[in-house]
Amino acid sequence: MRSRPTLHLCLLALLCARLVPAAVRAADAPPERMVELPPLMVSEPVNGPPWRYVAAPGIEVLSRCSDEVTVHWLEEMNRLRQSLNVLVPDSLRSKRAVPDVVVLYNEENKPVVSKEVVADLMRDARDRTEEKQGRRGGATGYRSMPNLWLADRDSMVFFYVLQERGFVRSELRLTPDYVRYLARSRTPAPPMWFVEGMVDLFSAGDFGRDPVVFDTVEWDSPAATKNIKRDVDYPRSLLPLADLFATWPPQDPNGALRRREAALFLRWALDGKNQPRRPALLKFIAQASMMPVTEDLFRECFGLGYVDVQERLADYLSDATGKTLVLIAGEPVALPRLNPRLATDLEVARMKGDWERMEISYIKDIYPQLAPKYAEQARRTLMNAYDKGERDPQLLGMIGLCEVDAGNDAEARKYLEAAVQGGVTRPRVGYELARLRYAEAKAEPGGTGGRLSAAQATMVLQPLLNVYHQAPPMLEIYALSADVWSHSAPALTRQNLVVLDEGMTYFPRNLPLIYQAAWLNARQGFKTEAERIIARGLMAGPDAAFQQRLEQLRASLAAAPAAPPSS
Amino acid sequence: MKPACSLKRRGWGAAVTGLLLATIAHADAPTPTDIVNWLQPDRVQQATLSPDGRHLAYTAHEDDQTFIAIVDVDDPSKRSAVPAGKDSIIRDSQDHEKTPVEIPFFRWAASDRIVFESRIPGIQEVDVRRTHEPTDVSIVYSVGADGKNLRKLVDADDLALTTITDDKLPRQPHVLGLASDEPDVILVQAVRPALDSGSNDPSLYGRIATGMFKVNVRTGQRRTVNEQDVNGDVLYDRQGRPRIKLLRPIDSATQSFVYVPLAGQPAAKGIDRLVADDITPQTYLGSRTFPLGFDYDPKILYIASNVGRDTYGIYALDLRAGQRTGLAVEDPAFDLADFTAPGNDAALVFDRSQRRLVGVRLATLEDATRWLDPEIADMQSSLEKKFPGRAVRIIDWDDHRKRFLLLASGGADPGRYYVFHRDDNRLVQFVRRTQGVDLDATNASAPFAFDTPAGVHLTGYLTQPVAPLANPPPLLVYCHGGPWERSWPGFNRDAQVLAAMGFVVAQVNYRGSGGFGTRMRETLRTNLDGMPVEDIRSVVDWVAARQKVDRKRVALIGEGFGGYVVLRALQLYPDDFRCAVAINAPTDLETWARKPESVQEARDRQDTNVNQMHAMADFLTHFGPPGNPLLAPTPNPAPSFAQDGIASLTDDQTAASVTAASAGGAPAQPPMFPPTLINFASEFRSWYFGTDAKHLAEISPSRHADLITKPVLLIQDPYDPSGEAGAATALRSALARGSNPADYLEITNAYARGLPNARQQVFAKVEEFFNLNVYNFNVKIGDTKVQR
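Top to bottom, those sequences are chains S and V.
Under my numbering, the residues of the first sequence are numbered -9 to 557, in order.
Under my numbering, the residues of the second sequence are numbered 1343 to 2130, in order.
Note that these hints are calculated values from the structure, not bench results.
BS3-like mimics (lysine-lysine), calculated; alpha carbons at most 25 Å apart, straight line: (1) V/K1420 x S/K219; (2) S/K216 x V/K1420; (3) V/K1494 x V/K1420.
Here chain S stands alone, though its shape is the one from the complex (with noise of 0.2 Å):
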C-alpha cells in the first residue's frame, strides 16, 4: 500500500494574477541552464528572506511573511477554523496526531508556480468569485485558505501565497474544500449526505464575521423560490428522508436535490432558539457514522419520525427562503502567545520536506516521468537536515516515507526502522514499516503450513503497537493486522483481538475488515464475538456477495471456521 496524497486547488483569488510562470534550477542540471518547472513545483528566489517559525495547537508554520502578518495570519485561521464549529464541531472533524503544517509565502517574494498551476487557480478563483457574487450581489476580494494544500493519511501541508502588502485578515476566508476533507476524512468517516449538505450550507455562510450568517436557501429555481417565499402552499420538491439518509447512487438524477436538502435539513436541525435540535443533529450523526441509518436510530435522536421531519423541511422551506440563518460562533479560544522565530534547519527541513514529499504521489498519477525529479528534490531537502547530523525521528520517518513514495522500499526501512525506534509519532511511520517487515516474513514464512511464525508475526506486528492509537486511524493498520493473523500460525487471545473491535468501531463500513474478524474470531472459537461481528456485518451494507459469505461463515460456525479470507 502507498500513500495516496491528495491535492487540492484552491481559490487563490486575486493574488494569482500576478504570479509569473519562471524557471528554476533543477537539481540536476547545470546551473547555468534554466529548466522549466514541471505543474506544481513552487520554488522561490535563493536570495529571499529568513525562513521563521512559529507553532500553535495542533499547527506549524513556516513563513517567510513578516511576524506580524504570520501572526495575524494563524489568528485568523484559528478564529475562522473554530466558528467552523457553528457547523461541524472538532468532534466530527478529523484529528491527526502530527501537527498541521503551514508554509507560508508572500507573494511579494516572487515564488515561482508552472503555467499550469497558475491556470488551474485562476479558473478556480474565477469560477468561485462568480459564484460568490452571484450568492453576495457583487461582493469581491476574498481570499481563500489555505490555497493549496496536501493530504497524506495521517499528515496535511498547507502552501499558502499570500500578499503581505495590503493584507486584510477579515478578507480570509476557509475553502469549502478544505472543509469537506476535515469532515470527510474523519474517522469513523461521516455520512455523504452530511458533507456534502454541510459544505453547501458552508458555502452560504459569511464566516468572516460573528454571528455567522447563511443566505437564504434557493429552492429549485429563482422563481420558485420567490413563490414558496411568499406561499407556504407553493409546490416543493423533496426527497423522502429514507432517500436522502441511503447510500447516494453514482449517477444520480436527483443528485443537485440531494445535495440541498441534505443543507436544508442540517440548517433546520440547527435553527431555532438555543438551538434545540443542535444535539439531536450531533448525536444523530456521530450515531450514522458508526451504523447504517434506520428510522429507529433517527427517531431515537429526534424524537420524530422520518416523513414527521420530512412534513417539517417542507414548511420550513418557507421560512428559509426569506429568512437568513444566523449562528453564533463565540469568542474563539485565543491562542497562547505566538513568538515567531528563526526556523531552525531541521524546522525547515520536515516542514517544506514534507510538501515537497507529498507532491511525489499526486505528481506520480498525472505526470510519471517527472516523478524522480520531485523525489529528488523532497529528499534534497529532508537530508538537508540529516546531512548537518539532524537524527530526529520525525524526520527519519518523513525520508523514510518519501523514499516509500518514491518507490524505493529497501532504501526506506531503515529510516523507518530507526523512527520507530526513536518513538516517532507518526501512524504511517508504523504501518509502512510494518508492511515491509511483511513482506519479508512472507518470503520465508517460519511456521507450519506456509504460515508466520508467533515470532515473525510478532516481529511485523511491533511497529504497530504504538500507533493503533495515534489519529488518525488508519484503515491499512487493522487490514494488515487482521491480515498477519489470518496468515500465522500462533493462538490469538480475545485481547488480540480487540484491536479489530476497535478498527471496526473506526471503519464500521469496511466489510472485509469485518469479515476478517469474523473469521479470525470464529476459527480462534470466540463464537459469541463471531456471531456478533457477523450480525454487524449483515447491517453494514447491501453487498449480496459479501452477505452470502458472511452467513456462509455463520453456518459454519458450529463445525470449523471456512477457509481463511483472501488478503
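Position chain V against the provided structure of chain S, taking the given hints into account.
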C-alpha cells in the same frame, strides 16, 4: 395559593377559572383562538389529477369562501382559482355561525375540463315539505383546466317539476358521476324531498320524485334520461338507468330492494335476493346483503354481504348469469362496507381510463386500500416506503400511470397532497390539507389493538400530548356514540384539542362498535352498560401498563351513547375515574327506548299536525256547491300542494310531458291525515335496547343519580336532530337535588355540524371543567380583602 402538586398549567377557561389559577398559568398558554384554529375544517378537502396528468385541482376554503384551485403540475406558477361559494348562515338556525359550502362532486370530465357540484347548506326554505327545515341548494359547474370558461351547468330551477297548479318545484341537482357511454357527459340526479304532510294522497308520503339527466359539461346541454317516483331511493347504473329501487314505506319499518331489469334483458331467477336482503330493525346489524354500485359493465353489480361470515366483504354479482363472479374482497376483522349506507360505492376505486375496478378502500384501523391491480399495488408499496409511519392513499393517476396523486397523512400531520413522478422518481408536495398547524404543537396519534385478559379484542387510537401539563400525564378515555358507530383513522381534531389540554387521549372502539363484524356489534345487547364500561377499564389498564399515565387522573368523555357509557362508568367505578363529560347523552334509557323520538322529531310531528289542520281548513273553506262555498270563494279547487299525477316514467318520457298530461285537474279531495310515520331509526333503537323497562331503568344514570359522586359535565343540544341524544335534564335535575350538582352547558346543533366556534365553546367549557376537576389545583381562596 399553592398547587397540591407540581403541575404546569395552560388554559383559557372562563374568567373565574382564569382568575383562580392566574398565578400558576403558563406564560405561553394557548388562547381561545388557538383552539378555534384546531377546530377549523380542513382547508383542502379533496384533490384530483387530470387524466393527462398535467393539472391538479383541489378544493380550498379560505376567508369564508370555498374555491377550486387548479395548478399546472409542470409549472406550478400557472395556477387559477374559481369561486365555488361563500359560507352562509343556515336559515332559522339558532346559532349565527356560517357554514362552508360543500363540494360533493369534484372530478375531471376530460383533461381540459373539471366538473364540481357546489352545495350551499340550508339557505333555502322549501315549502314542498311544509316544514320549516332549511334545504341545501346545489349548483353544478364546469370550468376549464386554465381556470377559464366557468359555466353553470345545472341548478335546482333547471330541474324543477311543474305541479298541476303550475307551481315550480325546484329539485336540487346531485352529480352521480361521468356517463360511461358518452364522453363529456355527467349524470345528474334531481331529487324532490319526500313528503311528510300536506298531500291528499297517502301513497305519496315518503315518496321522492327523482329524475336522471345527462348534461354535457362543455355546452351545458341537458336531456332527461328518466323520472322515477318511489318511496325510497334509486340506484342507477353508469349510463343513468334506474336499476335498483330501495323502497322505504313510511308505514313500515321494513325496507326492501327491487331489481329493475334492463329492457329486453329479463332478470335472472331469484336475482332480488342476490342483490339485497330486506332491512328490518332486527336485521339491520345482522347478516344481510346490499348493493353498492354498478361496474362500467352494466351487468356487473358490486354488493356487500356478511351472510355466512362475521364481517362484510365486497363481491361482484353477474346480473345476467344470476351469480357472483370470482371477486371477493374480505377481511376477517373489519367490515369493508358501511351497512348504514346501501348504494354507496365510495369504497370502490375505478380506473377511468381502463374502465374497471382496480381497488377497494378498506375501513380498517388505518386508511388502506386493497389494490386489485398489481401495478398500482406495487406503486402503493413503493410509496409507503417513502412515507414510513404514514397512511398513503393513492387518489388519482394519469391515463398513462406516469403521475400519481397521493395523500399522506397520520402521525401529527393532518395530511399533504403529493404528486409522484414515476419516471424520475420525484415527489412534489403540492398542498397541505390544513394551514396554520404548527407541527411541533400537534399531538401524534396512532392506532392500537390488543386482547384483554378476558379475550376481548379492542381497538382504538391513542394520542400523545406533545406538551403534557403534568408528569405523568392524565389519561382521558373518549367513547363514540351509536353504539354502532366507531372511531375512525386520520387526523382527529377533537383528540388534538383534548391532548392539547395535556391528556393522553384514548379513543376506544368498545364492544358494540360498528365496522368490526356482526358479533362485535350485537354482543353489546346482552350487557348494555357492563361491557363498554369493562372495555374502558381494560383500555386504561392496557395504556397504564405501557406508558406512564396518572391512574389517579383518569377522566372520561363520551358523545351520544358514549356519553351514557361514561356516566355509567362513573357510577359503577367511582374510584377509577376522576370525572366525566357527557355530550348529548341519553341519561334515561327506559324513557329513551320507550319514546325514542327526539325533541326535533316531536316538533316535526307537531308541524305536520298543524299543516294538516291548515289543509283541512283550506278544504273546508272551499267546500260546498259550485259558486257557493260554505265558507269563502276560491278560484282554485285543488289542494294547496299535490303532485298526484307524477308516475314512473319510461326512458323516453320526460317529466314535463307527464306533468302536462296529468294537469287536467282532479276533483278536490279532502286532505288525508298523514299515515303514522314509522321512523326506522327509532324503531331500530327500540328493538336494540329492548322493552324490559325495569332493566333499562336499573341501568339508567338518571335513575340512580346518587351513585354519581364524581364531577360531571353535561353538554346538551335540546334539539339534537339525530334523535340519539336523550335528555340530560333528567340527570341534571336529579343531581341538582343531591350534593353533587352537574356542570351544564346547553348547545345548538352547530356543534354536531362541526362549526368551529360552536365546538370551541364546548371545548372551552370542557377544559375549564378538566382544569378544575382533573388537575385539581386545590386552590383555596381566602377572605376577600378590600384594598383602599
